[in-house]
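Assemble the whole structure, with the sequences as input and the hints as a guide.
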Amino acid sequence: MGYRIRAFCKIRALSLPDFTLNAVSHGGRFGLLAVEVKPPSNGSARSDLRKIANELELMLEPLVDLDIENPTTCGVWVDGFQCHLYRMDPRYNGVYRLVESGVFELPRVLADILKVKPIMEVLLKLKI
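Heads up: the sequence shown is residues 375 to 502, going by my numbering.
Please note that a few of the clues may not be correct.
[Claimed, not checked] Taking CB as the label site, the calculated pair distances span:
| # | residue 1 | residue 2 | range |
| --- | --- | --- | --- |
| 1 | Glu479 | Asn428 | 20 to 28 Å |
| 2 | Lys412 | Pro492 | 15 to 23 Å |
| 3 | Asp392 | Asn467 | 45 to 53 Å |
| 4 | Val473 | Asp392 | 29 to 37 Å |
| 5 | Asn467 | Lys489 | 36 to 44 Å |
| 6 | Lys412 | Met494 | 17 to 25 Å |
| 7 | Val483 | Glu443 | 41 to 49 Å |
| 8 | Asp486 | Glu443 | 37 to 45 Å |
| 9 | Gly402 | Val473 | 20 to 28 Å |
Because the hints were derived from the structure by calculation, they are not lab data. Note that beta-carbon positions come from the ideal geometry of N, C-alpha and C, so glycine has one too.
Shown next, in the form of structure tokens:
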């Protein structure tokens with residue numbers, strides 16, 4: 375199984391996330407992680423969260439169709455310096471569940487280097 379990180383061209387489709395992580399296996403490409411990044415000045419928070427949720431659902435459907443055991447997709451929403459991590463899974467009879475797995479602040483200055491350990495702890499919860 376191979377992994378690829380790919381940045382999508384905004385001309386291709388405006389609704390695609392900024393980055394995705396895909397697994398290539400069994401002749402197919404399956405999305406595992408979607409990342410949406412917005413600068414601190416952009417105020418479209420609700421639409422970005424909805425965009426991440428929609429993308430996670432689209433990535434989850436092929437995994438469910440292949441009867442993958444415990445399929446899960448993950449998303450990272452970077453809103454300025456604040457990052458939100460999400461997981462989506464089909465826990466309740468076909469109803470997809472979106473759960474916030476963690477929130478952390480990105481370091482802004484060198485003195486914020488102490489934030490790295492808590493950031494890594496949150497990121498390791500994804501277990502991709």
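Here is what the structure says about each hint:
Roughly 26 Å separates the CB atoms of Glu479 and Asn428, a value that falls within the hinted 20 to 28 Å. Taking the beta carbon of each, Lys412 and Pro492 are about 22 Å apart, inside 15 to 23 Å as hinted. Taking 45 to 53 Å as the suggested C-beta distance range, the pair Asp392 and Asn467 does not conform, at roughly 32 Å. For the pair Val473 and Asp392, the beta carbons lie near 21 Å from each other, so the given range of 29 to 37 Å is not met.
About 40 Å separates the C-beta atoms of Asn467 and Lys489, a value consistent with the hinted range of 36 to 44 Å. The beta-carbon spacing between Lys412 and Met494, approximately 23 Å, falls within the hinted interval of 17 to 25 Å. Our hint of 41 to 49 Å for Val483 and Glu443 holds, since their Cβ atoms are close to 44 Å apart. Restraint check, Asp486 to Glu443: a C-beta distance of roughly 39 Å satisfies the suggested window 37 to 45 Å.
At roughly 26 Å, the beta carbons of Gly402 and Val473 sit within the given window of 20 to 28 Å.
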